[in-house]
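Assemble the dimeric complex from its two separately framed chains, guided by the hints.
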Amino acid sequence: MLGYFIQRCLQAILVMLVMSVIVFVGVYAIGNPMEVLIPPDAPQDVRNFIIARFGLDRPLWEQYLTFLGNVFVGDFGYSFVYNMPVLDLILSRLPSTLELALTAVLGAALIGVPLGVYAGYRPNAVSSHTIMSLSILGFSVPTFWVGLILILTFAVSLGWLPAGGRGETVTLWGVEWSFLTANGWSHLFLPAINLALFKMAMMIRLARAGTQEAMLTDTVKFARAAGLSEATIVLRHVLKLISIPIITVFGLELGSTLAFAVVTETIFSWPGLGKLIIDSITNLDRPVMVAYLILVALLFMTINLVIDLIYAALDPRLSRGGA
Amino acid sequence: MSEPLLQVAGLSTQFHTQAGVVKAVSDVSFSLERGQILGLVGESGSGKSVTGFSLLGLVDPPGRIAEGSIRFDGQELVGMPQPDLRALRGKRIAMVFQDPMMTLNPVLSVGTQMTLAVRAHDKVSKQMARDRAVEALTRVGIPDAGHRLDAYPHQFSGGMRQRVAIAIAMIHSPDIIIADEPTTALDVSIQAQILHEMRELAKDSGTALIWISHDLATVSSLAERLLVMYAGTIVEEGPTARVLRNPRHPYTRGLLDSLPATAPPGQNLQQIPGSMPSLLALPPGCAFAPRCSFASEVCNGDVPYLVTGPSAFRCHHPIGEAK
Ligand SMILES: Nc1ncnc2c1ncn2[C@@H]1O[C@H](COP(=O)(O)OP(=O)(O)OP(=O)(O)O)[C@@H](O)[C@H]1O
Ligand SMILES: [Mg+2]
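Taken in order, these protein sequences are the chains called A and B.
Residues in the first sequence are numbered consecutively from 0, following numbering that gives the first Met the number 0.
Residues in the second sequence are numbered consecutively from 0, following numbering that gives the first Met the number 0.
Isolated chain B (complex conformation) (with noise of 0.2 Å):
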């Protein structure tokens, strides 16, 4: 096979901040092939956000790109000057939000948000651009869009909202989405429509999904890969059903001891003891070791990330069997 659509290498995000160098994505590596989906999951502040704002080259400041590349489509975005990203962004790779309320502008009409999307990068008609807009809207689900298209965000619900945001974000039908936890916000039935749908969309039209959260259920269900972070590293990666069966890493395991539908009923859910360290000091070595009952020496030392086929990981104390 050519090349894959995205491939990012050795990524490493900082924020140089007044109390240090925040180190909030350190040598990130995956890729991407078109029409895949890919989940992103990690708990918070494992920098799986600044991962996806990294990708658009949105990252705020004081933070930037320290190293690494990302190879889109034949194309460096490392380093690719505004103007060209400018370009892409929307266009060719878009992104979804977590709280629909605070991404679209109170003050504006869903159908004036939607136009200045289109025309950010088609320069087409006011009309065109509307008629654009409804179609979108009734591509993800929004009964009545022509009359919907004046409203304003707050007289929609929140699941309604974020199918505007997703109508925004598929408006160019762009080559990938990134959805940063676009589901977090709303309840748990909505979720599972957007979840469905979201996936049929990203089929019908070819586009890759990133999609990223802190919830391994939600993302299990939809990601044919799995991409495990923790403290701003990836530290396990493999398909969907492996990952969940034959955790290799011991913090996936740890997430997957968690989650609720894994626990007898009527007993605690386990949790991983301690909490993430701090990015500004990161120990050396493994990230995860002060919390891991399998850690020994040598994890204060470089873990080198081992590839085997489809999977990864970055442990000296895998856990699971290799096949």
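Isolated chain A, as found in the complex (with noise of 0.2 Å):
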């Protein structure tokens, strides 16, 4: 298991050592910050101080190896725009986009798997294909789309919830949080709802495929002929049976969710990192990009990691055999 745990960290700063080479020169190759950022007015002097103070003026290369030699202090620069630490400014965006997309995806999954399960059990019922007509309609629908009709519903109609912002928060280690305030959660649900719906229909399909092979197998027909009542057979069987591409999907939405949910964030103006990464994107703020790329491919190995974890746990072949 250390052995494992060792290969997949080396494994995974191979990956963001990969990363951050492609980002540096993409940006680099897209344009000059400098152009975006000092007003083409400015004297000659003024420009090139601050093309000299960000280390603009060096080869790429050098530009790239001072980046990495800091990045191993924890250092990961200065944004061009922001003028502050770029680790502090993703760091003071993360809890907004982490109480999103928890909410979003355990939501997804608390209501998507019992549907979907149930689906499974009885795929024949009139109620089990009503399910799986809306789990299609959340796949299909559009996430911009879905967010539009939600505020023009909820928010401008029928007045009942607000369309943008984090409403009231309040601080919890040091950190700002919307989820511990009622005005938070009502800001909270729509956007959530609004990420929730395409996770929901692929949490339904998988519970449902899955419960539907679970049944027809030997190992329900023993409970049965043991028998266990069909809420045992589903609670303590099939459940766990069915528990690991559950997982799987789980933590792949969970990390997508908190590195890319630009576009939620955008419609209902959440303050969170798809929106920073949106707008340096438009400033070209390289160091910003950069960061939160390798942050990213950090999350999704950290999750990756932990559901290997998981999995052992989950399935007890899984963890003596292999590894």
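Rather than coming from a laboratory, the hints here were simulated on the basis of the structure.
From a predicted model like this one, the values you see are computed outputs, not experimental measurements.
Treat each hint with caution, since some may be false.
[Claimed, not checked] Once the Cα atoms are required to be at most 16 Å apart in a straight line, the calculated EDC-like pairs of lysine to aspartate or glutamate come out as: (1) A:220 x B:59; (2) A:220 x B:149; (3) B:90 x B:59; (4) B:90 x B:66; (5) B:125 x B:98; (6) A:239 x A:314.
[Stated by the list, open to error] For the chain B half of the interface with chain A, some residues (derived, Cβ under 7 Å), not all of them: (7) 90; (8) 148; (9) 151.
[As the list claims (entries may be wrong)] Covered stretches of chain B (in silico footprint by chain A; criterion: 3 or more residues with CB under 8 Å from a CB of chain A, positions within the stretch not fixed): (10) 113-122; (11) 298-304.
Ideal Cβ placement from N, Cα and C applies to all residues, glycine included.
This is the structure we're talking about:
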């Protein structure tokens, strides 16, 4: 297990290195950030001063090595635009995205899995067909459109919920959180639903397919032959049998929502990471982009590692045989 | 004597599929006394498993019992509501399946699966259920049962896994165990052991066994009475020794001739020509007639089930001699 862990970490470092080179070169190729940042009428000496201050007068490889050296001591550089350390900037935005993503993915799983299990348990019931039709809808309707409809309905027409922002927050562990206040929840609700619909559709499909397959196995037949109640069979046998794909998708969805909730965050003006990265792309704020993408890589790697550990806990065949 | 423990009369089980009605079991009648061992033999697809599942009320949809009666200890099982059937399953009539790797849940510990089986019928504490699990495992010859309780199925050998399944089936000391080819997936020496052990266990606890197999040799070493099944019907029935020595139905004769033990060394085994007819389109009259060298015009009409003393057969042209 330890060897496996080290191997995974080395892999992660390698991916992040490659990633940083690609992003670095890529952003350099897109354009010169100084064109965006320095007013065109600024005198030449001011211009030179600023360029030198950000180290942009050096050759690209030297800039990269300097950046890399700093990263190893935990310094991701300064944002061109916000003029603050990139790490602080990202960390200040992370909690709002974290609570949004967790709410959406957890909600999707807590609602989607039971619905999917039910639809798989009674594949021919009318209610199951309704559930499956809803899941097709969840798959096929674009997120931005659903977001706009949600705002139109609940914020504009009905006036029940706010259209955007985070609402009141409470400080916990030195970080601001919305989910601790009622007002924060009212702000969190619509964007979370918006994000959750697609994931819920996916959870429904996954849980249904797994349940349908599991119900046909000899394991379930044997449990029935032993006189177990249908509830016990579903809750104890089937749920455990179908948990691995569900956990996998849960992890991947959590990762991708944390990293790429851009559309929803933009529509609901949710001050999260998605908005930050869109802004920094517009402004060619290279340090933010590079650091952000490296952190995203790190995030995915961590999630994958955690998923692997959960696998081992869920399926004893994986923990002892392999690794 | 009073009523037998189990009395099956005119049982027909059919699957209503898109291709038509699959007559998996047609007009099956037999009875079983307390503590008796009954062998049910027939080639693959002859309806042995479906007969077993019919007794438990566990026929998979789209199948259902179309006709007949199953009287068990004074109760009629055909048409009995599922909750009442569930209360009997595992408690009074249990079943063991062919492949122990498929029947035990790979992601639940053996102890968990056994305690679930105990608590399906007896509302005892977890600890009490575990004690009974240890006792049951010890009874089927699993050494160090207390420690093995937390192990998972893949940590047991094939024979040990089947012992676990048998222990689960015996945990409530049922009146009947339906053993559906429980040794087919095991190697020969383990087969013999399990066979022997199950006979002893059944004798000790007074449990009746219905031993299903396609292998006449295995069953005949165990069963007091034999039922020979072909294309969903019982073609011959009688005390094991009589059926082996003096088969009356040409199909039984064919089965005996294809046994390796009965053929002279070095000679090809005799085979029954042709194959079983489709259960979707059974010929009128005797289903074996197209493969039978004794068949004549009368075989296309109804074939009565001739009962004489402890024996019975369904044939217009019986072979061997009547006693
Ligand atoms: N769910 C089902 N749907 C349709 N037909 C079925 C179903 N289950 C069983 N059958 C049919 O019932 C017939 C008898 O099957 P059964 O499993 O009882 O045979 P068997 O004698 O146990 O054979 P084997 O030795 O291979 O286990 C088969 O021809 C099969 O096609
Ligand atoms: Mg079978």
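Subject >> Non-conforming hints, listed in increasing numerical order >> reply: The structure breaks hints 2, 3, 4, 5, 8, 11; every other hint is satisfied.
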